[in-house]
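**Student:** Chain residues, written in single-letter form:
Number of protein chains: 2
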Amino acid sequence: MKIIKQIDKKDYAAILQRPSAIRGAVDDIVAKIIARVEEEGDKALRELSMELDGQAPDVFEIPRERLLEAASVVDPTLKEAIQTAINNIRAFHQAQLPRQISVETQPGIKCSLRYRPIPRIGLYIPGGTAPLFSTVLMTAIPATLAGCKEIIACTPPGATPEILYAFGLFNIRVFAIGGAQAIAAMALGTETVPQADKIFGPGNAYVTSAKMQLAGRGVAIDMPAGPSEVMVIADETAVPAYIAADLLSQAEHGHDSQVILVATSMQIIEATLSHIEQQLKSLPREETARKALKESLAICVKDIGQAVEISNFYGPEHLIISTGKANETAEQINNAGSVFIGNYTPESAGDYASGTNHTLPTNGFTSAWSGITTNAFMKSITFQEITQEGLQTLAPAVVKMAQAEQLDAHANAVLVRMENNT
Amino acid sequence: MKIIKQIDKKDYAAILQRPSAIRGAVDDIVAKIIARVEEEGDKALRELSMELDGQAPDVFEIPRERLLEAASVVDPTLKEAIQTAINNIRAFHQAQLPRQISVETQPGIKCSLRYRPIPRIGLYIPGGTAPLFSTVLMTAIPATLAGCKEIIACTPPGATPEILYAFGLFNIRVFAIGGAQAIAAMALGTETVPQADKIFGPGNAYVTSAKMQLAGRGVAIDMPAGPSEVMVIADETAVPAYIAADLLSQAEHGHDSQVILVATSMQIIEATLSHIEQQLKSLPREETARKALKESLAICVKDIGQAVEISNFYGPEHLIISTGKANETAEQINNAGSVFIGNYTPESAGDYASGTNHTLPTNGFTSAWSGITTNAFMKSITFQEITQEGLQTLAPAVVKMAQAEQLDAHANAVLVRMENNT
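First to last, the sequence lines map onto chains A and B. Every letter in the first sequence is one number past the one before it in the numbering used here, and letter 135, counting from 1, is 139. Every letter in the second sequence is one number past the one before it in the numbering used here, and letter 25, counting from 1, is 29.
Next comes chain A alone, as it looks inside the complex (with noise of 0.2 angstroms):
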């Protein structure tokens, strides 16, 4: 890790600049993938799936029954560890359900906004080195909560049996389909694969240039992605055995992965660094790791103002706030994804199990977007109803203003209601 002793607000966007993502020769690749999908459909699909993954199964859809009989072969134990995380992944974006609102801004003139769910839904869940069917459980869960009709899912051909019995858990059809290609169907549909009006979840560098080239073209998404974040504040009552294992659970992600850690003193950063040299040696995923914490960061802050003036200029994915005062510190947290709030609340705690979306945003989109939240799988629409009384008490505003914008048809859509009935 690079060790910042002191830091001045003046170098704070010098010393937390992001690696920039370097898109143009993925941008082009994609848009031939978007086009050819757009053109040709499934045969695009079959030929891309045979080009880019080197097998393209005879029908993309993989029938209901094969994602059930993959129960039989999931760990119990596994089994039981989802159960735990569906049922507290549940209560928290039950408790999310967005209320109606109605108000009556003047006698007469009553207005609501009332939630409805989004129709279609698309899903992608990444293959790879890990195989993260808890990404399964935060985007079905909610999709289903906000009660989307039609929920469809793509993953690349090759799915564990883990990822199989997720999806069998709920509603949703799935198709054997990766990358960017998979992105472009669901968003554009094809003979086979429905079309969404929404497309969720994590990828790879092309499922995320798809994205942003399909929002682009207005496609909704739940939000731009980047490589994952931890920062972490400590003070003196951090442990930083704890520290040590929570940075590294961040630098296994990928050697991509961006870990900070903000402390008030240089002796909490020294006994991290020696934990982090103890707990590498073990893990599976030491190389990763190692790759990772090379471009990360420790900066020794005054107090914990400054630590939550830095977490707030970077907007970290993921916070962990080990601070005495931890509360009150996350009280003045803007700019963050998801906050981890004292010493016992690790942030693979949130990845899995403790009820909160993993789905979030990096990259500092943490400043204009949020994680996942039953909201993103709903739209609102406003609603208004107004009585002859108070229309006649509003026209003279509405009539004014429509003619000072010239829209004189606008005016006189009120003006016809009040001389038809005075």
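Just to be clear, a hint being listed does not mean it is correct.
Pairs of lysine-lysine residues, derived as DSSO-like cross-links and limited to a Cα-Cα distance of at most 30 angstroms, are as follows [what the hints assert, rightly or not]:
#1 B:285 to B:13
#2 A:13 to B:47
#3 A:306 to B:153
#4 A:13 to B:153
#5 A:153 to B:306
#6 B:298 to B:9
#7 B:83 to A:114
#8 A:14 to A:306
#9 B:306 to B:295
#10 A:153 to B:14
#11 B:36 to A:83
#12 A:14 to B:298
#13 B:14 to A:47
#14 B:295 to B:285
#15 A:285 to A:14
#16 B:6 to A:329
#17 B:6 to B:329
#18 A:6 to A:295
#19 A:36 to A:47
#20 B:114 to A:329
#21 B:329 to A:114
#22 A:306 to A:13
#23 B:329 to A:153
#24 B:153 to A:14
#25 A:153 to A:47
#26 B:13 to A:47
#27 A:36 to B:153
#28 B:13 to A:153
#29 A:9 to A:298
#30 B:13 to B:298
Simulated from the structure, these hints should not be mistaken for lab results.
For chain A, the structure is supplied; the task is to place chain B on it using the hints.
**Tutor:** Just chain B, lined up with the frame of chain A:
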């Protein structure tokens, strides 16, 4: 209007097709504008303003005094009308302020979802033929209620006193910059224009293209845009003169406005058409309205059920429901921007002063997007706090799942906290 005397479900897609925007040429021009602003900042803004608007102010920022001075030239009755609108918009958007959600998912595991304002907001207010000062209210009121720290706005040089006056009612810094270059300036920041985290507001094809291209880079935007639309559902309780006025208030927006009447009888359609002809004659924007109407539809349906089906299929930006049981019909609406219930609720009431927001998704984007709400100026952060005992209970599930996903450091972050304390 094109009259469809009956319609089958299989024909919805063909008959309700929206004109597809041909954006290629605009996109290329805008991509160059964005690149110039990104590379050369203010210099590019100045050159582009000269090239595209024929004028470039020495200083882009309009001094606050100029905004306040505008009050003296705005008609006092209009100021009163604006105040009425502000009161209603504020009341409805204040009620939308989201509540914090807290759940103890298991004993010792507290999860919460809290909302924070998006720090830096950029608003775009178009110039053009109709000076839309109402859009200032529709964006600045919720941004202010949400508690956003820094609100900036761009509007083309030569803003009307009404627009300046409306800006002056809020704590906003205003820049006289128009078009795609204004969007690029706010999204990327220049020497004088501060960078914004999220961009709001309507605009022409160039503005829209800039918003979408920047959205493709992860810049948060309010929603994708398209030509404005209204659908009216009418049965025999509707008043044809009112329907005609509502359709015309949409048609006057622009020749590409989408106007659709869905009625339960041909009599309603015929009576409405005759009222349209009468009302058209006195409209200053008659020519624009006639062009829009030429491409518009009047559809006769067999019953309200089919009308609802068509409406949900099309997902109109504005939906006026003039039926005997209008509230019952409204309950069944799943895809729409804003719904106007009953004979005394013209769209123009909501455009200006009922309290609802007039910045709404269009072009079919209502399936996944919402109109502007107070929430749109905020994002949510999740927080979790676990006690030692809570973690003890949750540990087996987290460890099991982490190991199954082959993320050993994730498991270790829990285990290290157990070992030290048992």
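**Student:** Now tell me, hint by hint, if it's right for this structure.
**Tutor:** Checked hints:
1. B:285 to B:13: 36 angstroms, violated
2. A:13 to B:47: 28 angstroms, holds
3. A:306 to B:153: 26 angstroms, holds
4. A:13 to B:153: 19 angstroms, holds
5. A:153 to B:306: 26 angstroms, holds
6. B:298 to B:9: 17 angstroms, holds
7. B:83 to A:114: 23 angstroms, holds
8. A:14 to A:306: 15 angstroms, holds
9. B:306 to B:295: 29 angstroms, holds
10. A:153 to B:14: 20 angstroms, holds
11. B:36 to A:83: With Cα atoms ~54 angstroms apart, residue 36 of chain B and residue 83 of chain A exceed 30 angstroms; violated.
12. A:14 to B:298: 60 angstroms, violated
13. B:14 to A:47: Holds: residue 14 of chain B and residue 47 of chain A sit about 25 angstroms apart, inside 30 angstroms.
14. B:295 to B:285: 14 angstroms, holds
15. A:285 to A:14: With a Cα-Cα distance of about 37 angstroms, the restraint between residue 285 of chain A and residue 14 of chain A is violated, given a limit of 30 angstroms.
16. B:6 to A:329: 68 angstroms, violated
17. B:6 to B:329: The given pair, whose Cα atoms are some 27 angstroms apart, holds under the 30 angstroms limit.
18. A:6 to A:295: This hinted pair holds, its Cα atoms lying about 12 angstroms apart.
19. A:36 to A:47: 14 angstroms, holds
20. B:114 to A:329: 16 angstroms, holds
21. B:329 to A:114: Distance ~16 angstroms between residue 329 of chain B and residue 114 of chain A Cα, so the pair holds.
22. A:306 to A:13: 12 angstroms, holds
23. B:329 to A:153: 26 angstroms, holds
24. B:153 to A:14: 20 angstroms, holds
25. A:153 to A:47: 27 angstroms, holds
26. B:13 to A:47: 28 angstroms, holds
27. A:36 to B:153: 41 angstroms, violated
28. B:13 to A:153: 19 angstroms, holds
29. A:9 to A:298: Satisfied, since the Cα-Cα distance of roughly 17 angstroms is no more than 30 angstroms.
30. B:13 to B:298: 24 angstroms, holds
Hint violations for this structure: numbers 1, 11, 12, 15, 16 and 27, all remaining hints satisfied.
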